[in-house]
Each structure stands twice: as C-alpha cells, then as structure tokens.
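A.B. asks: Quick note: the sequence shown uses my numbering, first residue 2, plus one each step.
Be a bit skeptical, because a hint or two may be false.
Distance ranges between label pairs, derived from CB positions [stated by the list, open to error]:
(1) H157 - P102: 36 to 44 Å
(2) K100 - P147: 33 to 41 Å
(3) E109 - L169: 17 to 25 Å
(4) K108 - Y29: 29 to 37 Å
(5) E103 - L188: 33 to 41 Å
(6) P167 - E104: 41 to 49 Å
It is worth saying that the hints were derived from the structure and are not from the lab.
All residues carry an ideal CB built from backbone N, CA and C; glycine is no exception.
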Amino acid sequence: MSLIRVALAGEGGQGVQSVAEILAEAAYNQNKQTIYIPNFGLEQRGGVSIAFIQVSDKRIGAPKFFKADIVVALSERAVERTTIYSDSNTIFVYDSGFKVPEEDLPKEAKKIVGIPALETANQELHPRVFNIIIMGAVIGLSNIVPFAAAKEALDHKLAYKFEKNPELRELNYRALQIGKELGEKALQEGVAV
C-alpha cells in the first residue's frame with residue numbers, strides 16, 4: 002500500500018470525526034503510519050466539519066495535504082467545501098440522497114460516485130449507523146485498512162455502547178459490511194469524469 006489521503010466532510014453530528022478516528026486506530030493497529038487531523042469549523046452552529054486522514058506503510062512526510070485520493074462529502078455544503086481537495090487522481094464520493102447540482106461536483110476528479118448511505122441506513126438499518134456505512138464505503142473504495150481491523154477498532158471505540166446494548170455491535174458490523182459493498186460497487190460502476 003502506498004500513501005492514501007482521505008478527506009471526510011459533513012455537517013456537525015454526522016460523525017466524520019469518529020469515522021476518521023476509527024480508521025486511524027485501525028491503521029495504527031496494523032502497524033501503519035497514520036495521521037488524523039480534525040478540522041472543526043462552525044459545525045456546532047450548523048457548519049461543515051472536515052476530517053483529514055493519511056495512511057501509509059512508510060513515514061508520512063507532512064501532516065497536511067492539498068489533494069486527496071478520496072473525498073467524501075456528506076451534504077451539499079460539504080460538497081462545496083471539499084471540491085478544492087480534488088484533482089485528476091481523486092475519487093469524489095457524495096451521498097446520492099442529496100440533490101447535488103452537477104455543476105457543483107468537481108470537474109477534475111478521476112471518478113465521481115454517489116452512494117445511498119443515508120437512504121440505506123434509514124431503510125435497512127438505523128439512521129445512527131449512517132457514518133459507519135460511510136466508513137465501510139471508504140474501505141471498499143480504497144482498502145485503506147483491512148475490514149477485520151476496522152471491526153476491531155470500531156469495537157474498541159464503541160465498547161461501552163456495545164456492552165449496554167449487544168445488538169448495536171451486529172447493527173454496526175452490518176452497516177460496515179453494507180458500506181464496504183457499496184464502495185466496491187461504486188468503484189466498479191462510478192461515473193468516470
């Protein structure tokens with residue numbers, strides 16, 4: 002694996018920071034080099050929150066990056082805020098449940114894919130696992146961490162919740178699996194730009 006750079010963006014409360022933390026922990030547990038940088042804007046007042054994560058087999062040279070291999074934007078405003086992180090090597094992912102005007106999507110991205118994460122969470126699982134579906138999609142798109150490592154890190158992050166309600170573990174595991182499958186499918190079928 003070479004260096005993988007991911008930018009996750011969403012409205013406050015969508016869990017992008019939690020997803021980045023779990024992915025970083027999973028990478029660290031696999032003896033990978035990893036850097037996670039949260040960017041908290043005014044999300045408490047309804048702004049966009051961005052999480053930057055890098056994972057590599059080798060030492061990571063700089064904590065910040067200007068272009069991402071994968072950008073995930075979970076709202077219309079997140080799309081607007083993250084197009085600057087795209088170039089001809091970027092897979093740009095958005096939630097297809099949001100009606101994003103085509104002209105707002107980055108023209109230079111290698112591939113643009115819409116994933117029905119929120120719709121899937123609402124109809125098949127539970128709205129609260131929306132962000133875990135997204136995490137699975139990032140894994141399916143990039144193999145940033147092994148699936149088993151992501152499950153282990155998820156277990157660690159949410160252990161207290163899983164102890165209180167063991168059914169949540171299986172719900173989150175299903176969300177992670179569904180997201181991974183959505184990511185793999187999107188990678189194969191995505192709209193090439």
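A.B. asks: Note whether the CB distance of E109 and L169 lies within 17 to 25 Å or breaks it.
C.D. replies: violated, 40 Å
A.B. asks: Confirm or reject the claim that E103 and L188 have a C-beta distance inside 33 to 41 Å.
C.D. replies: violated, 20 Å
A.B. asks: Confirm or reject the claim that K108 and Y29 have a C-beta distance inside 29 to 37 Å.
C.D. replies: About 35 Å separates the Cβ atoms of K108 and Y29, which means 29 to 37 Å holds.
A.B. asks: Go ahead and decide if the range 41 to 49 Å is satisfied by the Cβ distance of P167 to E104.
C.D. replies: 47 Å Cβ-Cβ, so the 41 to 49 Å window holds.
A.B. asks: If you check the beta carbons of H157 and P102, does the distance land in 36 to 44 Å?
C.D. replies: Given about 40 Å between the Cβ atoms, the range holds.
A.B. asks: Go ahead and decide if the range 33 to 41 Å is satisfied by the Cβ distance of K100 to P147.
C.D. replies: Given about 35 Å between the Cβ atoms, the range holds.
In terms of the numbered hints stated before, the structure departs from hints 3, 5, listed from lowest to highest.
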